[in-house]
Amino acid sequence: MTITETPATPLLPSPPTTADGLREGVIGTSPVRPDGIAKVQGSFEFSSDIFAEGALWGATLRSPHPHARILSVDLSGAWKINGVEAVITAEDVPGVLTYGLITHDQPVFARDIVRYVGEPVAAVAADHPETCRRALEAIVVTYEVLTPLLDAEAAIDGSSVPIHPDGNLIRHQRILCGDPEATGPVVVEGTYEIGMQDQAFLGLEAALAVPDSGGKGVELHVATQWLHEDRGQIAACLDLPVEQVRLVLGGVGGAFGAREDISLQVHCCLLALRLGKPVRMAYNRAESFLGHVHRHPARIWMRHHATAEGELVKIEARFVLDGGAYASTSSAVLINAVTHTQGPYRCPNAIVDGYAVRTNHLPCGAMRGFGVVQACFAHESQMDKLAQAAGLDPVEIRLINAMRTGDLLITGQPVESVAPVERCIRETAALAMPTEPIGGSDGDVMCLPGGAGRTADVSHIRRGVGWGVSIKNLMYSEGFDDYSTARCRMVNGVVTLKFATAEVGQGFVTIAAQIARTILGVDEVLLDRIDTGIGSAGSTSASRQTWMSGGAVDAACRQVRERFFEHVAAAYGLDPLRLGIDGTDVVDTMGDLRIPVTEAAVGVEFDETVEYRHRPTEDLDENGQGNCHVAFAFVAHRAVVDVDPDLGLVKVVQVATAQDVGRALNPLSVIGQIEGGIAQGLGLAVMEEIIQIDGRIRNASFTDYLLPTMLDMPPVLVALVEEPDPQAPLGAKGVGEPPCISVTPAVVAAIRDALRQVDGVGRDLHRVPVRPADIAL
Amino acid sequence: MSVIIAFSMDEALRALAAHPDALILSGGTDLLVEINEGHRRLGSSSADIATSPTVLAVDRLSELRSWTIDLERSQVHIGAGVTWSELVSEPLAGLIPALAEASRTVGSPQIRNAGTLGGNLGTCSPAGDGLPVLAALEAVVHLRSATHQRDLPVAEFMVGVKRTARLPGELITGVTLPIINGWQGYSKVGVRNAMVIATASTALVADRTKRQIRVALGSVGPTVLRCSEAETMLSAAVDWENGGVGSDQLREFGGLVAAASRPIDDHRSSAAYRRHSVGVMAQRLARRAFPLESGPPGQGKSSGI
Ligand SMILES: Cc1cc2nc3c(=O)[nH]c(=O)nc-3n(C[C@H](O)[C@H](O)[C@H](O)COP(=O)(O)OP(=O)(O)OC[C@H]3O[C@@H](n4cnc5c(N)ncnc54)[C@H](O)[C@@H]3O)c2cc1C
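Those protein sequence lines, which keep their order, are chains U and A.
Reminder that position 128 of the first sequence reads as 128 in the working numbering, one-by-one numbering, no gaps.
Count along the second sequence from 1, then add 777; that gives the number in the working numbering.
The set of hints was computed from the structure by calculation and includes no laboratory data.
Values in this document were obtained by computation on a predicted structure and should not be read as measured data.
Note that the Cβ used here is the ideal one computed from N, Cα and C, for glycine as well.
Only some residues are given here: those of chain A computed to face chain U with a beta carbon under 10 Å:
1. V810
2. R881
3. S885
Extracted from the complex, chain A is given alone in its bound form:
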């Protein structure tokens, strides 16, 4: 096994050009688990070197480890090597609160100090906690190789279970996210109160400028799912001026979100529970976004779900 430690973007891209299938190592919190569990092999003896993949460590690249705020264009660029711990801290947490909430659910403090947003994208697990937020915010993923550079909407970047649109030789350099005017939040169900893989998760963005609700679901499909029908329905039903919504509409919205999920039964949960839970989370998130009860006359004031 050979390891290349890149100290500049240039070095990293050249190394990738020479070894397009190199295993890219960022925080290593996914990659090393895969290696230790034998899903990926790094040869240990000299005889294996010819066949074993090269590892390219990118955790020292300042371009990947930094973020920039562009208030003029109301957007934030986050390098692929930015850690969860940085995302839960100000100023990023204040600008993209849903991403901070998602980051806070990731693993333990040790994992949050090492694991990165780029690694979450690189793995592209349906349970990746950063991904529903990126999807609901319609983030753009930046990819670069020695020869080209391209930007992809995150929905196009995520292709399937642990499959992405990244091509051999490409590095994920970061994502760009809008700073929205409105409410955003993230919820995640797991069987433990912290340090747990999502059984199901939901991100909701209420974009006041566009008067648009956007919802993205984790762990209920091969990759993160958007819920267009539910989004359209709720965008039209809420009181954007006063921040209200009716309980009946919320229930309808929850039902549409649940219907948009495509969960499976596995050892972590039943499909039925996953479907149910995204419906509940979506209603509760929407209620947090629109705290006032503003349904048709005759409706009670309690927020129900």
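Isolated chain U, as found in the complex:
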């Protein structure tokens, strides 16, 4: 299939009621995902599967140098190859030459300078991927190699030559809160490092661009997180009005932030428009590592002051985030990091400095947790140090300081969200500890650190327990006008929803239908194609779509329901305010009338489109004060880890978590987010890191960029803390990011705990991922 209008997808029929008496498919139940079976069976069409008759293939030539001047580009070799139809460079970009999410500092193609290994320099279109490969090889680019800037500190202190016209400092933000002279009798400090993590989605970057027959516009089928933002950036580069660039969501195989930025979108459209033919592009895994932004590597210093009883008095901190060659969302990631310095704890005084800088490393931007992952590893490591210094255990220190609704952040912002931090900690602590002994009860080697490698016997292993608790902002910050659009049509009792919300695997397609079923009392809900044929839904990021697009779908359905009640009320001579939905019936709440919705809706049509906005936020001032965030969610993690101290190998035995979810609209989806997030946080704790040496990535493959497999993933015990948030349209908080944030420090704390048992001292382990050598040497 392809580019023909996709028919709306009917949802799968489900049994009528669930165990707890809810009608199957409404809010609170866990209906089967509409795309679930196709994905499991392998028939789901991911964006790399989209095909069009006569489509050519596109491919990208990339810089081999982290920093170099382009002296000349000779394309003639490529043109000589049979089957090559287009070869383009910066000269062929009709509109603005750069793009970017916050500032437009990233070239569509490098023209004079390349700033990272992998930066696009040219693109080709040809009849076959192999022809493309040979055409790229035949392009001769002459570079004058320049010294790369690889030291983030040098980018701050001004000692480095600017590697970009915008300079090397992307943003500096200070936070000054309370009394800078305040101090306490218990003081602990540390410097922490976080390595560069990759989002490692499984569905690689891929797109199909189809030019309009008149050549005036283009339709792009692409796996992305935000169709409308892409559209704006693409249109500007193509010099087309936005209406002439139409985007359709291609099947997305995961995102985690890596699809917020432009990758192949502009290249693919340029080639298609140039040729008047459809063009497909698809990255392979190695190219994907170069083609999208990553999690910022960070170096964070913190000093915590507390009373003798362990109550926080002041935090001093300094953050340095390496943004790589282009700005992407670095400035927003930095704000998230510094504004989450304190973690989910009350703290009256703070002095924080944060820097996001430009270097010749791979560009960094959004990844699940968005700056808070980095802050959390530091503040949770500090809380453990503080506990030790104050003679408390890790749970006590966290309970003593646990934030509550109404507490002030170090930015001066009151936490108006429900803040059940104490409950998250207590409910996590109440979850059962593993009962299996070290090595398991049946001697399976896979139960020991080292697993299949049979490196250890039970006597070599120590077991540790560690804690991590976190706070995460939900939605966009700093005055961003954030909204989502949804349309609800009810025709003869059949509801069709339309929105541009990118379904990246998180399950919004499931939730949207659940909302409609609940509000309108229907069973059958159709979903229209996800494209730019409606207003923006905002990005599928920042844990925001259930809140934002859920809010928009909810509001559109409610408006349709109002029209519907007016219609029924008129027919029966009732006040529409008396009507309600009970199950699949419309009922008079003060009388006897009860009619099935499907019957009452015969012959009528309602159609409502709504934009949902969250409350406005403010910029931070120069002292980092201001109500810059919308809302917050909290979570606690406890990790139990077996460690082989001599070889430095680790086996995570169990993770227990209680998460503040507001309200679980679809419990199975929530658990899925929690388990997946924990796997990603575990990966950062002990294995996932992009290694760059001299500005060159050394492990751009899944052979060497290690992700946890099922054999590394422990059982996860989950308690959902459901305290509906009054600010949230459905009471539900975002659940996507929190699971991956504090599990990383929890795993590392558990490793430290295990090592402490060896010699009473243990190891600092100030860096993630923790490598075997960090433990064993």
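Following the hints, position chain A with the ligand against chain U.
Only chain A with the ligand this time, still in chain U's reference frame:
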């Protein structure tokens, strides 16, 4: 590109005689990765055929896919096309347990079903998991061409990083391994609990008949390394009758093994950690082989490392 699918040894050897540089395809789990990553090129258009190499598929040769047990001579012959999955199953697993342990660490079930011992030898990566076991067991590699046949000790077959003594036109037909009287085992360190390339690995064989300890290391040198000094030291130090060894001797042995390694720093690990880890693995393997603490008087009973 042309592909020849051989259905008999004869056909395969004739094809190799005609195309001595043919790319030999067994399970393809190394070769296809190399091709996909562009380290090897197969032409795709007709114009490339003249220059592109011929591929010779040998995965249908029953001679390569089978194994034989010769109890009289206490040895096992394993065809080059025998898969890891077969090596982890009985009866081979019981006869050569270290090879079964190594096989179990290779990739995932899919890779173990396709990948072969001959392919591991053909690639000859320092991280090849079958190779330390073959080295510690002093296996013999059998090579055959249309005109000759020769046998090489595995240590002579492995020449360097992804370099072997195989000549153009030769096919690896299999290996012969002794069935030893004694203990044997394999350990492998990686940063993940399964499906991971060895950061370092160690195979240890305690041959009771010859009263000889043999140790071979993977991923700590250009090719698999033996540790003669450590072997001699431990062979003399253990109690062969009762199966014991002293903790001090074990530590000395670990130190000698570590010293015999020649690791490098790379993106997978530091050299220092690799050296350290083979020392630890060797001590632990030796303790599994000799569970009793039998050091000089005054030593504790715990097995330490
Ligand atoms: C995901 C993945 C995980 C892996 N994990 C591991 C691991 O944990 N440990 C490990 O050791 N390896 C691993 N490998 C590598 C690979 O699976 C093994 O080396 C395997 O043994 C190769 O066997 P094959 O039959 O697939 O070889 P092929 O790929 O068919 O061939 C490999 C090489 O040997 C040559 N060759 C094959 N047969 C012969 C023959 N009869 N005569 C002469 N030359 C021959 C080929 O020409 C080629 O050069 C992994 C590979 C993948 C893709």
